[in-house]
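Please build the complex by placing chain B on the supplied structure of chain A, with the hints as guidance.
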Amino acid sequence: MSAPAAAPAEAPARPVQVKLVLLGESAVGKSSVVLRFCQNDFQANKEPTIGAAFLTQRCRLEDKVIKFEIWDTAGQERFRSLSPMYYRNAQAAVVVYDVTKSASLEQAKTWVKELQRQANPNIVIALAGNKVDLVRPSSDSDEPSTPTSATSDDDEADDATATPEDDAAEGGDEEGAVAASESRRQVSREEAEEYAKECGLLFFETSAKTGEGVVEVFTEIAKKIPLDHILASTRGPGGAAGRGAGRGGPAAGGASVNLNEEESAKKDACAC
Amino acid sequence: MNGDLGSVPSSALDYAYNPPAPSPPPPPAPAAHPASTTTNSLKLDTTQATLSPTAAAATGAADEMDQAVSDRLRRWIICFALVEFDLDTGPLLTTLYPAPPSSLPFPPSLQQNIAFSSLPEGDLPTAGAHAYTWRIPIPKPTGEKGKEREVAEESGEEWRKGDGCLHGFVWFVQEKNPALRRGYSQRSLVLITHLPSLPGLFSSVLSILGPMHFKHQQSSSSGSSPVSTRSGVGNGGEAAGAMGGMVEAASYNISSWPDLHPGTTLDLPFLGTVLSVEIPLGSQPQWPLPPPNAGTGKIKIQRGGVGGAASPSLSAVAPVIPASLPPTPLSLLLSPSPPSLSRSNSLSTSSSSSRLGPNISFAKLLLLWELILLGEPILVVSGNPREGGEVVEWLRGLIRPILFAGDYRPYFHIHDSDFARLTGGSKPPPATLLSTTNPLILSTCSKTYPHILRLHVGATESPGVTRGLASTRKRHVRVDKSVRREVEEKEGRGDYLAADALILQHLARLTEMFLAPLNRYFGTLPSSDTSLSSPPSSRSFTPSAFLTSLRQHGSSLPLRPSAPSLSSPSTSSLERFYLKFLQSPNFASWLHERMDRAGEQVREGYLRRLEGGDLREWMFGIGGEEGREEGEVEELVGRLEREAAISDRLLLSSNSLPSSPSVSSLASPGVNGNTAERGERLRNQAARLRSLRDESRGAGSGRSEGTGSSSDES
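Top to bottom, those sequences are chains A and B.
Per full-length UniProt numbering, the first sequence starts with residue 1, numbered consecutively.
Per full-length UniProt numbering, the second sequence starts with residue 1, numbered consecutively.
Since the hints were derived computationally from the structure, they do not count as laboratory data.
C-beta atoms are modelled at their ideal positions from N, C-alpha and C, and glycine is treated no differently.
Mixed in with the good hints, there may be bad ones.
[Claimed, not checked] Once the Cα atoms are required to be at most 35 Å apart in a straight line, the calculated DSBU-like pairs of lysine-lysine come out as: (1) A:113 / B:215; (2) A:197 / A:224; (3) A:109 / B:215; (4) A:113 / A:67; (5) A:223 / A:113; (6) B:364 / B:447; (7) A:113 / B:176; (8) B:474 / B:490; (9) A:46 / B:215; (10) B:580 / B:427; (11) B:427 / B:364; (12) B:215 / A:67.
[Said to hold, decoys possible] Quick partial rundown of chain B residues pointing at chain A, CB under 7 Å, derived from the structure: (13) 216; (14) 249; (15) 252.
Looking at chain A on its own, in the form it has when it is part of the complex (with noise of 0.2 Å):
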């Protein structure tokens, strides 16, 4: 307490504190691909989040250790009121669609908007169509293909996370043959990333279970990130963008903390 707080603070390998926020549709994986990112796990199950979970994860990138501090929305409708709180002063967003339903991809579009109206203006968003291993060829099938009905009606967005429709769905390996998984694609790559190169996000197809892509994710927003700047209008170990806002921020509106949409900036930058 009575330590003198400056020397450390110059260490070189400080790390650089980026607050990252998932959004998306509830069951489209969020969880899922967090947990595969900072543990390398998967979980069949995963238990649908509550508000949110908070994660971390220390990458190098070149010279630099970077900090992710990963806020992993929860997906439920029921939480969407309080999404602002986890994306305000955020670097970086990462949405997340399922590409087996073409509704969560209109949900993730509404995030974006969202993002591009209210959230930090130079964040840096991430478009990723998650379980794509559930239409990937899978070699050993012992299972005849049909479309499960977790595709074909849940296309309005439910509140539910991992139902257990979903589950067997997720257990993709087990769909077999080539033409089936195909089939059960209800957003095409192509269709994602040019709305992804029009919005000006970044683009990825992921699967949690396998890992595919994952990573990369991750890789290219710390890319993208004005590290250099974060760094340098940080102060001390302690002193992250979105950690200095830990006090001033929510409290400075007194009784009412500011989570309009009048009071940001109207930038609608992406037309979509």
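This is chain B only, laid out in the frame that chain A set:
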């Protein structure tokens, strides 16, 4: 893609693979959902549209939370509460989330006290939000408490580690609502914790959660009144119980926090921000840290995004939150005319801008330190529950590392169950520290409370009444002029954090100087004997012997010269000062803590002797010609076995309870490292002693040395 990144081929980013700190809450067993029908488990399957907001009845049963999650939550807080003003019944506690543990029921009297404590009285502006705190003793269980074994309590629930009180952090909102009869709705969200020493942390938490909660609740219930939210059966997935998703999300965040480790700085993720919180070590004093790289570093102002109000502010300058300090600087609260109090982050927006402070000078602050130290009852009168409560919180912390032992109430009201006890009678209990906004309490107490600190003067009061400290007591300690000059200079520049740091460091020095003679005397007390047979006993602190020691060695506490006392001419003012302290509850708390520490050391030494002592020597004497009574031997065998069992249990509880160190108890030296094998060693000793006993029985008079194997230990 891997191109210019690190050298690991498979993954482009070079993982440091630290276990993520803090780890996410342990996932409930997959089997527990989604089809679970037990009431105990959280209804995670939200496809069922029956998330039953109605469960939140006045009985306090909100949606149940997964046991593992609520256990982790309880390391930090007990629950959240919703209180609203019901036009027919008055303040009403409507919801507790999660339901309190069965060992800590909230009887109706406690619920009522919480309800009344959470809707402030007094002359508050008609609309807006107010944050403040209260403290209410946990009612004693009426039944027979039973004999407590030494360790039984150790493994008890988290809330037992508190100070026997509930600490409420209130976010009170008063809004115009023409739909209601009185035209206003009055509601509070309350964070209830058992931890007494973290007001800085919990104030920060609530200042984030409070506004979000009410905003979210409003939007998710489509602007309807709270009552309809409660009974909105059809809301389905819209809100999880009357609490709304915000409190639920907050609870899950808190349950994912790391354990409370005294003496460390913890990063606590909370609703989208990471709070860096410095947890004090035991009752050690804290003061605000100077902002790192002060002068060069610019405060980052977020632009364009949400929360446009983010601006350089008192709290933004100090990103690390000292957990034990109230959010508003002491020097700001006590200054003559707080310049920007109404606009500061730390105070609610409601403070009128024309507010004047109590104008407590540095010298008066020293007097306040003395009054607190000596256990004098003080009444704080405030126009605003927050300011008064924060002053109370500051005052009781001024004598750290001495733990203030009196009853303190940051927000005291006439409906409190202790109202008569604390305000009635001719003399208040010693070391009582009340803050009130109610003129009735002021008039009740103005004759009986010897010291009244007025932060506020009501409009209807007589013109002669002024703000400040009303006390007949004269200050004993001398003012250090250079410190005073520095403090005043910082205050003059509006640098209240720096002023606070100076003040608190100075008072910590004074407290240490004050304690030095007591510590010196304590060190001379004889420790108990070193025999294996007798466990350590407590020491006796005799005031007269202490005074002799004090006379002999003196004290470095800088006192003002004073006239000799006429009533007791033989004692000096220094001695009277110490005698007064010895009669105060604070002395008892200091002595208790000191004894605990010494006792731990003594006990540790005793256990070492037990586990490593030469039993053969104890049994037969150095020359091997002595003997022990059979009963004596049995007793020692029994003690060894008991101590072994206790060691096992200590080990178990320190492993299974992730948060064994609590703020109130410093990590005891016995509960780590070598404790692991202590139980084993003690059991071995017991076995050895038994075989020695058998040996002595069997051998009769001829004690042979020939049993060999067991005798080669020294």
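These are the hints, each one checked on the structure:
1. A:113 / B:215: Given that 35 Å is the threshold and the Cα spacing comes to 22 Å, the pair holds.
2. A:197 / A:224: 15 Å, holds
3. A:109 / B:215: 25 Å, holds
4. A:113 / A:67: At roughly 27 Å apart (the allowed maximum being 35 Å), residue 67 (chain A) and residue 113 (chain A) satisfy the hint.
5. A:223 / A:113: Answer holds: residue 223 (chain A) to residue 113 (chain A) is near 23 Å, not above 35 Å.
6. B:364 / B:447: 21 Å, holds
7. A:113 / B:176: Holds - the C-alpha atoms of residue 176 (chain B) and residue 113 (chain A) are around 34 Å apart, at most 35 Å.
8. B:474 / B:490: 27 Å, holds
9. A:46 / B:215: 30 Å, holds
10. B:580 / B:427: Holds, at about 17 Å.
11. B:427 / B:364: Holds. Residue 427 (chain B) to residue 364 (chain B) sits at ~23 Å (cutoff 35 Å).
12. B:215 / A:67: 31 Å, holds
13. 216: 5 Å, holds
14. 249: Cβ of residue 249 (chain B) sits 2 Å from chain A, so the hint holds.
15. 252: Hint on residue 252 (chain B): holds, closest Cβ of chain A at ~4 Å, below 7 Å.
Every hint from the earlier list agrees with this structure, and none is contradicted.
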